[in-house]
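J.: Each chain, written out:
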Amino acid sequence: MENDNKTQFRGRIRFTLLLTFIILAIIPPTLLVPFILGQTAQQADEQVKNQFESVAELKTAQIESYLDNLSQILEIVVSEEELYEAIESLPEDKATHTAELSELLTAYLSEKLAAQTAFRELFIYGEEGIIHVSTNSTQLNKRVSNLPYFEPSLSERYIQPPYYEISTRDLNMIFTVPITNEEGEIVGVLAGRADLAVLSQIMTTINGLGETGETYLISLQNSYLLTESRFEGYELNRSYRSEGITQALAGKNGVGNYLDYRGTPVIGVYRWIPELQSGLLAEITEEEALASIRNLTTVNIVIGAVIVVGAVIIGVLFARWLSRPIIDLAHSAVAFAKGDYSQRAEIRRKNEIGQLGQAFNHMADAVEQRQNELVNLNQSLKIARDEALASQRIANENSRLKSEFLSTMSHELRTPMNAIEGFTGIMLKKMAGVEYNEKTERYLTKVQSNSKRLLGLINDFLDLSRIESGRLELANLPISPTEMVQKWRDNLIVLADTKGLEFNVKVDPTLPETVYGDEESISKIAINLVGNAIKFTEKGTVSLSLERQNDKMALIVQDTGIGIPPHAREFVFDEFRQVDQSSKRVHGGTGLGLAIVQKLAREMDGTITLQSEVGVGSTFTVLLPIQIQKELA
Amino acid sequence: MQNIPQDLLTGWDIVVLDDEDDSLEVAEVILLEYGANVYTAQNGKAGLEVVNRVRPRFVISDLSMPVMDGWGFIHAMKEDDALTEIPVIALTAHAMIGDRERAIRAGFHNYLTKPLTVDTFMADLVKLLIDIPELVEYLNI
Chain A
5 MENDNKTQFR
15 GRIRFTLLLT
25 FIILAIIPPT
35 LLVPFILGQT
45 AQQADEQVKN
55 QFESVAELKT
65 AQIESYLDNL
75 SQILEIVVSE
85 EELYEAIESL
95 PEDKATHTAE
105 LSELLTAYLS
115 EKLAAQTAFR
125 ELFIYGEEGI
135 IHVSTNSTQL
145 NKRVSNLPYF
155 EPSLSERYIQ
165 PPYYEISTRD
175 LNMIFTVPIT
185 NEEGEIVGVL
195 AGRADLAVLS
205 QIMTTINGLG
215 ETGETYLISL
225 QNSYLLTESR
235 FEGYELNRSY
245 RSEGITQALA
255 GKNGVGNYLD
265 YRGTPVIGVY
275 RWIPELQSGL
285 LAEITEEEAL
295 ASIRNLTTVN
305 IVIGAVIVVG
315 AVIIGVLFAR
325 WLSRPIIDLA
335 HSAVAFAKGD
345 YSQRAEIRRK
355 NEIGQLGQAF
365 NHMADAVEQR
375 QNELVNLNQS
385 LKIARDEALA
395 SQRIANENSR
405 LKSEFLSTMS
415 HELRTPMNAI
425 EGFTGIMLKK
435 MAGVEYNEKT
445 ERYLTKVQSN
455 SKRLLGLIND
465 FLDLSRIESG
475 RLELANLPIS
485 PTEMVQKWRD
495 NLIVLADTKG
505 LEFNVKVDPT
515 LPETVYGDEE
525 SISKIAINLV
535 GNAIKFTEKG
545 TVSLSLERQN
555 DKMALIVQDT
565 GIGIPPHARE
575 FVFDEFRQVD
585 QSSKRVHGGT
595 GLGLAIVQKL
605 AREMDGTITL
615 QSEVGVGSTF
625 TVLLPIQIQK
635 ELA
Chain B
210 MQNIPQDLLT
220 GWDIVVLDDE
230 DDSLEVAEVI
240 LLEYGANVYT
250 AQNGKAGLEV
260 VNRVRPRFVI
270 SDLSMPVMDG
280 WGFIHAMKED
290 DALTEIPVIA
300 LTAHAMIGDR
310 ERAIRAGFHN
320 YLTKPLTVDT
330 FMADLVKLLI
340 DIPELVEYLN
350 I
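Taken in sequence, the protein lines are chains A and B. Using my numbering, the first residue of the first sequence is number 5, and each one after it goes up by one. Using my numbering, the first residue of the second sequence is number 210, and each one after it goes up by one.
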């Protein structure tokens with residue numbers, strides 16, 4: 005259970021902290037890096053495009069310059085004196101002079117050809133379209149009238165864009181200049197077959213084009229490559245296609261990102277070059293163009309990864325650093341709550357968490373101290389309780405023994421009295437054929453009266469002991485006051501008669517017909533009081549009345565006896581006290597009667613009061629609560 | 210009540226239980242004097258046998274006895290349908306306040322205390338017997 009809690013704690017707070025740190029670490033790079041990279045890539049793209057546009061411009065300029073150069077070379081050749089001298093030196097008879105002229109012109113052209121490298125061949129053809137003179141003797145007498153440049157070449161200077169000539173299986177580019185006579189009539193055409201290697205050289209000069217940059221020319225005719233491809237060399241009879249090529253050949257100038265003829269993504273600039281009837285393309289692969297960006301991306305990713313890893317590590321450490329004292333504190337608190345009061349938090353730092361730990365420890369100190377006090381107090385209480393229980397057990401045992409002793413005493417004292425009293429009575433009544441003389445009767449009477457006196461003493465003593473030991477169980481039974489008083493009268497009238505006293509009884513008619521209580525105890529009070537009254541009254545009247553006084557029942561016993569002097573009224577209810585020692589001998593009795601009366605009255609929540617005047621008489625009033633319902637046990 | 214007829218209990222079968230010989234004899238002598246047939250036993254168990262055999266008009270029983278005391282005896286009497294109607298009067302030296310209540314609760318018809326006195330014993334007994342409707346018709350008063 006405890007381990008589970010541990011795991012749970014650590015998992016929650018650490019994980020939350022860690023997650024927060026990681027999110028905080030990752031969000032900025034993930035949001036910013038693509039933006040920055042995008043911006044940079046766009047800039048790089050623009051830069052490359054500008055660069056390649058410049059390249060394209062340069063190449064275009066170089067091509068134009070090249071074309072001009074070649075045209076000028078031909079112009080110079082045509083305008084040289086030697087050519088005209090040769091032509092003018094021609095005899096009228098064409099047929100006889102042809103061989104000579106050819107020889108002259110061939111020599112002239114060969115000389116001019118050798119002086120430059122742009123042309124591979126210089127030749128002259130006439131209006132009829134037959135090559136008369138050529139630096140390449142195999143071309144002599146060949147027909148050019150069917151070739152594309154023938155018609156335009158008859159009227160003006162012309163550049164035949166490169167074309168594929170089936171007969172030579174070669175790309176040709178022909179520059180022409182008309183040859184005119186003095187009258188300005190065109191007598192022939194000087195043509196030069198350009199060496200395309202020069203064009204190739206211009207286009208394949210790759211200085212400043214990086215690893216993958218290239219410039220090339222594509223002919224409108226069949227989309228043939230006019231110059232070498234940097235990657236695939238030169239291949240005849242093959243059409244090259246790409247978006248840039250299409251755009252250029254459609255006569256457009258522009259720039260774009262597209263797939264080149266190899267299918268490689270490139271940034272390309274395209275130009276239409278009308279003189280060559282060709283497209284010029286300057287391209288570089290995106291891969292290279294954006295390599296710096298890619299590098300930048302890689303660097304960014306690496307930096308981002310480093311930041312994230314760093315953030316995670318710092319996050320883990322920080323989460324641990326931050327959470328450990330909290331977790332420890334939580335563990336301490338849990339252990340403390342489970343009852344390990346010696347548990348204390350370890351204070352690692354002096355920050356708020358440390359203060360929390362300190363506060364916890366202070367609280368724990370206080371709780372532990374209080375707990376210890378409680379444990380001690382509890383211990384003391386337990387001991388005290390055990391002692392009290394032991395005392396109570398002893399007290400209960402004592403009480404039980406006392407009760408048992410009383411019971412036994414009662415029984416054991418009465419049993420012999422029963423035999424004494426019984427047999428004395430039997431003899432005096434002359435039962436069972438007993439006979440005796442006068443003296444025997446006198447002595448038996450003395451035995452009887454003394455045994456009665458002893459019995460009275462025993463009874464009073466036992467009653468008093470029983471009340472004082474708290475073993476008195478009061479009955480709660482219906483009593484008829486009228487009948488009860490009648491019983492008392494029946495019981496006591498004999499005693500009054502023997503002393504010649506008047507004995508009156510009276511019952512208040514307002515008393516309930518039935519009250520609840522212990523008739524035996526009430527009777528004992530009445531009989532004792534009346535017995536006392538008779539005992540201390542020599543002549544006159546003893547009266548007993550039962551009256552209602554509000555919610556109480558008053559038992560009043562009045563006599564015309566000797567009275568009780570004021571000084572004796574305080575102790576008249578004490579045990580074994582009579583007014584003076586002599587009275588005991590005169591009046592007899594045990595001195596226990598009034599004590600029993602008072603204690604019984606108190607047991608029944610009643611009171612007893614005494615009014616007396618020496619020589620006039622005494623009045624005892626016992627007030628008892630009236631119970632008109634059976635008390636619930 | 211002073212003059213109780215000498216033949217008050219003539220022909221009555223009465224069972225008296227007491228473990229004390231002397232006490233037993235006092236009661237026996239007095240009851241015999243009034244014409245009763247007295248049967249005695251010294252404990253509750255023996256008393257039950259006698260009661261079963263004699264079926265007396267009533268029983269006078271001590272409370273403290275060996276083997277089976279007065280409380281056991283009254284319990285057995287009340288449990289036995291054949292004997293439950295026979296009145297049993299307790300006669301005991303346990304004469305302290307509250308004892309009477311307990312005895313009546315246990316099923317005794319009434320309660321007399323030792324020491325019994327010849328002068329008052331019969332008078333008290335007659336008073337108790339008058340309360341018993343089944344016996345009144347037999348009393349020769």
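It is worth saying that the hints were derived from the structure and are not from the lab. For clarity, every value in this text was computed on a predicted model and none was experimentally measured. Treat the hints with care, as some may be off.
[Claimed, not checked] Straight line, CA to CA, 30 Å or less: simulated DSBU-like cross-link-like pairs of lysine-lysine:
1) B:336 - A:456
2) A:434 - A:450
3) A:491 - B:254
4) B:287 - A:539
5) A:450 - B:287
6) A:510 - B:287
7) A:342 - A:433
8) A:434 - B:336
9) A:503 - B:336
10) A:503 - A:443
11) B:336 - B:287
12) A:528 - B:254
13) A:406 - A:342
14) A:386 - A:434
J.: Each hint: holds or not?
T.: Hints versus structure:
no., hint, verdict
1, B:336 - A:456, "holds (22 Å)"
2, A:434 - A:450, "holds (16 Å)"
3, A:491 - B:254, "violated (36 Å)"
4, B:287 - A:539, "violated (45 Å)"
5, A:450 - B:287, "violated (43 Å)"
6, A:510 - B:287, "violated (41 Å)"
7, A:342 - A:433, "violated (88 Å)"
8, A:434 - B:336, "holds (23 Å)"
9, A:503 - B:336, "holds (26 Å)"
10, A:503 - A:443, "holds (25 Å)"
11, B:336 - B:287, "holds (23 Å)"
12, A:528 - B:254, "violated (35 Å)"
13, A:406 - A:342, "violated (51 Å)"
14, A:386 - A:434, "violated (70 Å)"
The structure is inconsistent with the numbered hints 3, 4, 5, 6, 7, 12, 13 and 14, although it conforms to all the rest.
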